[in-house]
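Participant: Below, each chain spelled out in residue letters.
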Amino acid sequence: DAGVTQSPTHLIKTRGQQVTLRCSPKSGHDTVSWYQQALGQGPQFIFQYYEEEERQRGNFPDRFSGHQFPNYSSELNVNALLLGDSALYLCASSPPGAKNIQYFGAGTRLSVL
Amino acid sequence: GESVGLHLPTLSVQEGDNSIINCAYSNSASDYFIWYKQESGKGPQFIIDIRSNMDKRQGQRVTVLLNKTVKHLSLQIAATQPGDSAVYFCAENTSNAGGTSYGKLTFGQGTILTVHP
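Protein sequence lines, in the order shown, are assigned to chains C and P.
According to our numbering, the stretch in the first sequence is residues 1 to 113, in order.
According to our numbering, the stretch in the second sequence is residues 1001 to 1117, in order.
Please keep in mind that the hints were generated in silico from the structure rather than gathered at the bench.
There may be inaccurate statements among the hints.
[Unchecked claim] Computed Cβ-Cβ distance ranges for the label pairs, DEER-style:
| hint | chain 1 | residue 1 | chain 2 | residue 2 | range |
| --- | --- | --- | --- | --- | --- |
| 1 | P | N1027 | C | G3 | 27 to 33 Å |
| 2 | P | N1067 | C | A80 | 43 to 49 Å |
| 3 | P | Y1102 | C | S65 | 17 to 23 Å |
| 4 | P | H1116 | C | H67 | 43 to 49 Å |
| 5 | P | S1040 | C | N79 | 26 to 32 Å |
Glycine included, every Cβ here is placed at the ideal spot set by N, Cα and C.
Based on the provided sequences and hints, a complete structural model is requested.
Facilitator: Structure representation (structure tokens):
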């Protein structure tokens, strides 16, 4: 049984560009949450998707957007990249009825130059 | 506001010793707490959780203690092994009035645990 998978593992972009990160949740899970983890810091909640809709959002600008597909997989999009967007982006999935139980993927390391 | 923090950023122990990692939280409405372990190049891995109606929970070699009076959480690792070396995070969550969890975890900064053979 595959866990949470994220792609790509590493990504290099330049300022002003746009990026899309992808996440496949653990089998049987229906909720996906995204977090940003800066170097030396704990993960910070970006948003959460359930039933193909954004249900909760953290303190992140509108440049951060997402999507959830009918198969529960999810994408995180970041527009107009800034140097400060360089971080590890983590996806976590949760089983039905237990959004606080979160299993994390290995993350996508984004470097903005 | 919501914040979860750690008292010690680093902890070094000898193999076989017991380790204690501490965490302070400020949101009195938090009702669910989790400890995660993160190894280099990997995502956070669930270790143990505890609900606010409990003050102690034990797992395999790990124990979590919750003191709601002083808003303090600790993780105890017994007989620490080199494989326990990692960054440890505490995280908190709140539920609505109906007891449904929002699933928006708030993480602390993390403590680096180094276990020397």
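Participant: Each hint needs a verdict: does it hold in this structure or not?
Facilitator: Checked hints:
1. As the Cβ distance of N1027 of chain P to G3 of chain C is approximately 29 Å, the hint placing it in 27 to 33 Å holds.
2. Between N1067 of chain P and A80 of chain C the C-beta distance comes to about 44 Å, which sits within the given range of 43 to 49 Å.
3. Separation of Y1102 of chain P from S65 of chain C is about 20 Å and conforms to the stated range, judged on CB atoms against 17 to 23 Å.
4. Between H1116 of chain P and H67 of chain C the beta carbon distance is about 46 Å. The supplied range of 43 to 49 Å therefore holds.
5. The hinted window of 26 to 32 Å between S1040 of chain P and N79 of chain C holds, with their beta carbons roughly 30 Å apart.
Checked against the numbered hints above, the structure violates none of them.
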